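These protein sequence lines are chains A and B, in that order. Here numbering that gives the first Met the number 0 is used: the first residue of the first sequence is 0, the next is one more, and so on. Here numbering that gives the first Met the number 0 is used: the first residue of the second sequence is 0, the next is one more, and so on.
Bear in mind the hints are in silico, worked out from the structure with no lab data behind them. The structure displayed is predicted, hence computed values, not measured ones. One or more hints might be untrue.
Derived lysine to aspartate or glutamate pairs resembling EDC-like cross-links, with alpha carbons at most 20 Å apart [claimed, not checked]:
id	chain 1	residue 1	chain 2	residue 2
1	B	LYS343	B	ASP313
2	A	LYS148	B	GLU10
3	B	LYS8	A	GLU116
4	B	LYS1	A	GLU115
5	B	LYS199	A	ASP214
6	A	LYS153	B	GLU198
7	A	LYS23	A	ASP234
8	B	LYS329	B	GLU344
9	B	LYS364	A	ASP234
10	A	LYS171	A	ASP185
11	A	LYS97	A	ASP185
12	A	LYS153	B	GLU200
13	B	LYS8	A	GLU130
14	B	LYS1	A	ASP302
15	A	LYS246	A	ASP194
16	A	LYS33	A	GLU78
17	A	LYS238	A	GLU267
18	B	LYS364	B	GLU344
19	A	LYS255	A	ASP302
20	A	LYS23	A	ASP59
21	B	LYS8	A	GLU115
22	B	LYS1	A	GLU94
23	A	LYS148	A	ASP194
24	A	LYS148	B	ASP17
25	A	LYS159	B	GLU200
26	A	LYS240	A	GLU131
27	A	LYS153	B	ASP17
28	A	LYS201	A	ASP138
29	B	LYS1	A	ASP234
30	B	LYS92	B	GLU76
31	B	LYS1	A	GLU116
32	B	LYS8	A	ASP111
33	A	LYS229	A	GLU131
34	B	LYS44	B	GLU123
35	B	LYS364	A	GLU115
36	A	LYS159	B	GLU198
Simulated restraints on C-beta separations [unchecked claim]:
id	chain 1	residue 1	chain 2	residue 2	range
37	A	ARG105	B	PRO309	46 to 54 Å
38	A	ASP59	B	ILE27	39 to 47 Å
39	A	LYS255	B	VAL276	52 to 60 Å
Note that beta-carbon positions come from the ideal geometry of N, C-alpha and C, so glycine has one too.
One-letter residues, chain by chain:
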Amino acid sequence: MALLNQGCPGKRFFQQKNNYQMVKAIESSGISKKFGPTKALDNISFSVNESEVFGFIGPDGAGKTTLFRIITTLLLPDEGKMSILGMDSTTNYKELRKNIGYMPGRFSLYQDLSVEENLNFFATVFGTSVEENYELISDIYSHIEPFKKRLAGKLSGGMKQKLALSCALIHKPRLLILDEPTTGVDAVSRSEFWDMLGKLRKYNITIIVSTPYMDEAIRCDRVALIQNGKILSIDTPQKIKAGFSRKLFTVKSAEKYKLIKTLRKNPEILTAYPFGDSIHVTLNNNTLDNSLYEYLASEGIGDAIIMEAEAGIEDRFLELMEKDNGITNKA
Amino acid sequence: MKRFLGFVKKEFLHIFRDYRTLFILFGIPVAQILIFGFAVSNDIKNAGVAILDLSHDEITLKLTDKIISSGFFKKTETLLNYKDIDRVFKKGKTKAVIIFENDFGRKLISEGKASLSIIADGSEPNTATLVTNYTTAIVNDFTTELAGPVLNNSIRISPEVKMFYNPNLKSHYMFVPGVVTLILILICALMTSVTITREKEFGTMEVLLVSPLRPIQIILGKVMPYFILSFINVLLILALSWLVFDLPVKGSLILLLAECMLYILMSLSLGILISTVSANMQQAIFISLIGLMLPTVLLSGFIFPIENMPKIYDYISSILPPRYFIVIIKNIMIKGTGLMYIWKETLILIIMTLVFIGISVRKFKIRLE
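Let the sequences and hints guide you as you build the complete structure.
Shown next as structure tokens:
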């Protein structure tokens, strides 16, 4: 993570330059969508700048896929307006569909066709050819080209994902929409995938991507945190992290399960969430003194190590979620 | 156009890569024709008969000879008394027992009358009826022959029955058109409805929708390969019925093929319609098989004549496309009639096709949901 953070300032600068044009790739205002009684999307408003990598971060069932289907003109919103690439998403869908590259969450290529046949098919359907736009996908496709005669259904998860991305890109779309592209893919392929997205920047393609992995947020220019069909916050990953309002401490102990139970019993502790091998804790009075050590020792946890830590996106997400739940509970 | 051809190419790849599809497309029609043609037959051939000849004279021997040598029957046993009848039926090979009374020949000559009993195995009503009919016919024929020189002074009317179009009453004449009708609608509707719902189920429809392909291109792209393959199927079935069953096409072959194309088109559009209303492949298969096969077999006039059905079934069958096609194909293949006599049925099929395509294109969802 630290390494990735260092890589960011340069990226930021590049992005800033483009922002001066102030052309919006997507402008969404008050989008709502219901499925029966459940509100999948509730008054979603956001805008995405041209050639930006914009991430939607949220848990499963947050409404990411529904939102993406509205962006890809596959669903109509119940309320609200969305303008994509300057076109209305409901009335101008035919023109829009020519300019969108879409990679659905589920692997959606023809499993009984070979790698090559899939790519050729999508190229012809979009009225282009593989040769014409090969430069755009060469970086990604070169990984799977040795297997081009293999049936798509027989590829590994990471290769399927690369093929799906190649197919979504083959017609050089102005807007690339990736719904959870890294779900179900190993860590190395995930990292590679984000590197590939980074390389697409030079072609001025706006990329919208969703992911349930908080650690991927840092690879986006801006992210929207989404939960229960509502956007909690939209900002750069850095600013989102900086928005964390309290001091954060990590507590470690050999007995993690007992530790979190004990911590949550203490009224002085505001929140306690498990994070990997430690527990992230915020305190009511926001200052750490010996009383916490003493409390834990009295409960039989003598090996606890407490340190102040820098908040990550996920901490901020949980904080916002808590706030949102508080509001809805009061209402 | 290039897009469309790319789509058609992809469909062909799907078909040729899936040996099950190929089998359904070509294996089943061939199997059906052969099964219906050989196994499901209303003709009798070498049915087992046993003879109980209590008279044993020149005439009974002659008559027995005539029956056995007709080709329809095969003698299984010669019985000695009545008790054997039950035993021989229980063995199962014998379908009928023919009994000549005592002094059969003498009575026939002197009194001009003698009796002969045919006892048939009623547990198989169809065969029993056929066997008794055939035997009676042979016996009648025999008496006429015999009566010619002997009893020339009595008056008798002998009706001479002749079957037009199908002089030997071969059942292939009925089954081949029926099977063509059944197979084409089943395969076309099943295949297209499954291939479209498959795209929905595998999520590939989502990607197709977010592409510049128009609904009509997707639909036609799906239909085109099956249209071509089904047409090849028709040629195959016709060739098979001609080679194996000697069933000629009496009318114009061109007209027949044109009508087949129309019927294929109708079935394909019906398949698309099914796919637009079914959410997954199972549903599509269920609707195509149960919803099309049973009514086609039972109500289209393929096996049971519509005239003999209660009125309500008649009405139901009038919305079934196969009912009209069966009339068309029988007319052309067996009676050799031209368009003049089948224009009404043809028109109905054209209208049905247009209605199905119209509804499908309108119902085809350009979005999810």
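Here is what the structure says about each hint:
Between B/LYS343 and B/ASP313 the alpha-carbon distance is near 17 Å, which keeps this suggested pair within the 20 Å criterion. Taking the CA atoms of A/LYS148 and B/GLU10, the gap is near 18 Å; set against the 20 Å cutoff, the hint holds. Pair hint B/LYS8 plus A/GLU116 holds up; C-alpha atoms about 10 Å apart against a cutoff of 20 Å. Restraint check for B/LYS1 and A/GLU115: satisfied, since their Cα atoms lie roughly 18 Å apart, inside the 20 Å limit.
Under the criterion of a C-alpha separation no larger than 20 Å, the hint pairing B/LYS199 with A/ASP214 is inconsistent with the structure, at around 33 Å. Under the criterion of a C-alpha separation no larger than 20 Å, the hint pairing A/LYS153 with B/GLU198 is consistent with the structure, at around 18 Å. Taking the CA atoms of A/LYS23 and A/ASP234, the gap is about 16 Å. The hint holds against a cut of 20 Å. Our distance criterion of 20 Å between C-alpha atoms is met by B/LYS329 and B/GLU344, whose separation comes to about 12 Å.
For the given pair, B/LYS364 sits about 36 Å from A/ASP234 by alpha-carbon distance, which is inconsistent with the 20 Å threshold. In summary, the hint linking A/LYS171 to A/ASP185 is not supported, as the alpha carbons are separated by about 27 Å, beyond the 20 Å threshold. The hinted pair formed by A/LYS97 and A/ASP185 fails the criterion: a straight-line CA distance of about 32 Å is larger than 20 Å. Of the supplied pair hints, the one linking A/LYS153 and B/GLU200 holds, its CA atoms being roughly 19 Å apart against a limit of 20 Å.
With a CA separation close to 19 Å, the supplied pair B/LYS8 and A/GLU130 stays within the 20 Å bound. For the hint linking B/LYS1 to A/ASP302, the alpha-carbon distance of about 71 Å lies beyond 20 Å, and the restraint is violated. With a C-alpha separation of about 32 Å, the suggested pairing of A/LYS246 with A/ASP194 is violated against the 20 Å cut-off. Annotation: proposed proximity of A/LYS33 to A/GLU78 holds, straight-line Cα distance about 9 Å (limit 20 Å).
For the hint pairing A/LYS238 with A/GLU267, the CA-to-CA distance comes to about 28 Å; that exceeds 20 Å, so the pair is violated. Between B/LYS364 and B/GLU344 the CA atoms are separated by roughly 32 Å; this puts the pair beyond 20 Å, and the hint is violated. Taking the CA atoms of A/LYS255 and A/ASP302, the gap is about 11 Å. The hint holds against a cut of 20 Å. Taking the CA atoms of A/LYS23 and A/ASP59, the gap is near 28 Å; set against the 20 Å cutoff, the hint is violated.
Between the alpha carbons of B/LYS8 and A/GLU115 the distance comes to roughly 13 Å, so the proposed pair stays at or under 20 Å and holds. Note on B/LYS1 and A/GLU94: the hinted pairing holds, with a Cα-Cα distance of about 18 Å set against a maximum of 20 Å. The suggested pairing of A/LYS148 with A/ASP194 is violated, with an alpha-carbon distance near 26 Å, which exceeds 20 Å. Pair hint A/LYS148 plus B/ASP17 holds up; C-alpha atoms about 17 Å apart against a cutoff of 20 Å.
Restraint check for A/LYS159 and B/GLU200: the C-alpha separation of about 18 Å stays at or below 20 Å, so the hint holds. Proposed proximity of A/LYS240 and A/GLU131 is contradicted: the alpha carbons are some 42 Å apart, above 20 Å. Among the hinted pairs, A/LYS153 with B/ASP17 is consistent with the structure: their alpha-carbon atoms are about 15 Å apart, no more than 20 Å. For the given pair, A/LYS201 sits about 13 Å from A/ASP138 by alpha-carbon distance, which is consistent with the 20 Å threshold.
Annotation: proposed proximity of B/LYS1 to A/ASP234 is violated, straight-line Cα distance about 44 Å (limit 20 Å). Of the supplied pair hints, the one linking B/LYS92 and B/GLU76 holds, its CA atoms being roughly 10 Å apart against a limit of 20 Å. For the suggested pair B/LYS1 and A/GLU116, the alpha carbons sit about 15 Å apart, so the restraint of at most 20 Å is met. Note on B/LYS8 and A/ASP111: the hinted pairing holds, with a Cα-Cα distance of about 13 Å set against a maximum of 20 Å.
The suggested pairing of A/LYS229 with A/GLU131 is violated, with an alpha-carbon distance near 41 Å, which exceeds 20 Å. About 15 Å separates the Cα atoms of B/LYS44 and B/GLU123, which keeps this hinted pair within 20 Å; it holds. Our distance criterion of 20 Å between C-alpha atoms is broken by B/LYS364 and A/GLU115, whose separation comes to about 29 Å. Taken as a hint, the A/LYS159 and B/GLU198 pair is honoured in the structure, with Cα atoms around 18 Å apart against an allowance of 20 Å.
Range check, A/ARG105 to B/PRO309: Cβ separation about 50 Å, and the 46 to 54 Å hint holds. The hinted window of 39 to 47 Å between A/ASP59 and B/ILE27 holds, with their beta carbons roughly 44 Å apart. Against the hinted window of 52 to 60 Å, the Cβ-Cβ separation of A/LYS255 and B/VAL276 comes to about 53 Å, which satisfies the hint.
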